[in-house]
Each structure stands twice: as structure tokens, then as C-alpha cells.
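Enquirer: Sequence:
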Amino acid sequence: MHCTLADTRTRSRRTLEQMGASSIGASLSFIEADLSADPGWDDAAAGSSYVLHVASPFAVGQKGGNIDTIGIARSGTLRVLRAAHEAKVKRLVITSSFVTMSYARDMDTAEFTEADWSDLSIPTLTAYVRSKTLAEKDAWDDRHPDSRTRHRRRPPLAPVASRDVHLGRCVMPLPPGSPAAWRGVVYFRA
Numbered sequence: 001m002h003c004t005l006a007d008t009r010t011r012s013r014r015t016l017e018q019m020g021a022s023s024i025g026a027s028l029s030f031i032e033a034d035l036s037a038d039p040g041w042d043d044a045a046a047g048s049s050y051v052l053h054v055a056s057p058f059a060v061g062q063k064g065g066n067i068d069t070i071g072i073a074r075s076g077t078l079r080v081l082r083a084a085h086e087a088k089v090k091r092l093v094i095t096s097s098f099v100t101m102s103y104a105r106d107m108d109t110a111e112f113t114e115a116d117w118s119d120l121s122i123p124t125l126t127a128y129v130r131s132k133t134l135a136e137k138d139a140w141d142d143r144h145p146d147s148r149t150r151h152r153r154r155p156p157l158a159p160v161a162s163r164d165v166h167l168g169r170c171v172m173p174l175p176p177g178s179p180a181a182w183r184g185v186v187y188f189r190a
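In case it helps, my numbering puts the sequence shown at residues 1 to 190.
Among the clues, some could well be false.
[Stated by the list, open to error] Calculated pairs, DMTMM-like style, for lysine to aspartate or glutamate (alpha carbon to alpha carbon, straight line, at most 20 Å): (1) 88 - 43; (2) 88 - 142; (3) 90 - 42; (4) 88 - 116.
Treat the hints as calculated values from the structure; they're not laboratory data.
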């Protein structure tokens, strides 16, 4: 199992190790690969059967469209796609986010399709919303015709193993007197 980090000497590696990644033992290796640069991605995907792309730049409250955030998200996603394709992996999973489709339509509608995307002309969108939407659109546009797998856009709310997290609070109605709010939820159980 390979874990990519932009810099293998950073606190991120130490945090992963403290969280139990080191219990995986010799089967876990850290490979330096930065979303904003080409080196490392071919090595990270080489010999892999599966690739999970779960990283995207995130800055809280960033309005508009910081070009670095958006550019890194887009080019990084394409780097991962191309490395996975070259390594002929069996399956590539790119994590989605509800923000890629939730800023465009009447939220009273219960069903979303692959045709639904956030409206990037909304001036108040954060750079994260813009970057996730554009990176995911790029991934859809870059699918290789000989790819053996396809992916579906459905950001899930999945059961978690921890007793400390109670997902029921996410779907229960708000207390009386609370402002109107909605939550887009797709419940998934493997």
C-alpha cells in the first residue's frame, strides 16, 4: 500500500503514523508526490490494483477563486488519473463532494443526475467549491475509452466504525425555531 504525501518529512506523515498507519507495517510505504508537480505519481501508482484519490486543496472561507487552489485541484486530479491509467489499475476512486452539484438548482428536488453541476458563475462560491467542481468535471472529461471502470457521482454518507460519531444528527430535523435548512444525503452501505 502506497500513501502519497507532498513532503514525506512533514507533520502529515507523523500524524498518519500516530493514527495507526504504522500498524499496517511493512506493507505501507510513503511516496513523495505533490498534486502541483509531475514527479512521484508514476511510482505511486506502479504495481497498484486500486487507486484512491482523496486529496484536494482546502482553505476555509476563501471566496472567489484562488488560482493556486483551483489549478492544483484540477492538475492534481489529472495527474492521478493519468498515473492510474498508465499503471493499468483495476479501479480508480475519486472522492466526490456534494458541493460539486449543490449550488445550481432548486433544492426541493429529491433527485440529482450526472448532468447536475454547481453554477460557477455564482460570485460567492468559495475556491474549494470551484476547485472540486472543476476537478471533477475534468475527471469526467478525461475518462479513457479503454478504461475498464466508470464512476458515478454520488457523494455518500456512509456508516462509520467509530461509536464517537453519530450520523443520525445529520439527518434528523432541526429543533423548533431553527432556520430552514437542507442536507443532501445519499446513504450508502456496502
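Enquirer: Look at each hint and say if it fits the structure.
Expert: Okay, the hints, checked on the actual structure:
For the given pair, residue 88 sits about 13 Å from residue 43 by alpha-carbon distance, which is consistent with the 20 Å threshold. Taking the CA atoms of residue 88 and residue 142, the gap is near 15 Å; set against the 20 Å cutoff, the hint holds. A hinted pair counts as satisfied when its Cα atoms are at most 20 Å apart, and residue 90 with residue 42 qualifies at roughly 15 Å. Taken as a hint, the residue 88 and residue 116 pair is broken in the structure, with Cα atoms around 30 Å apart against an allowance of 20 Å.
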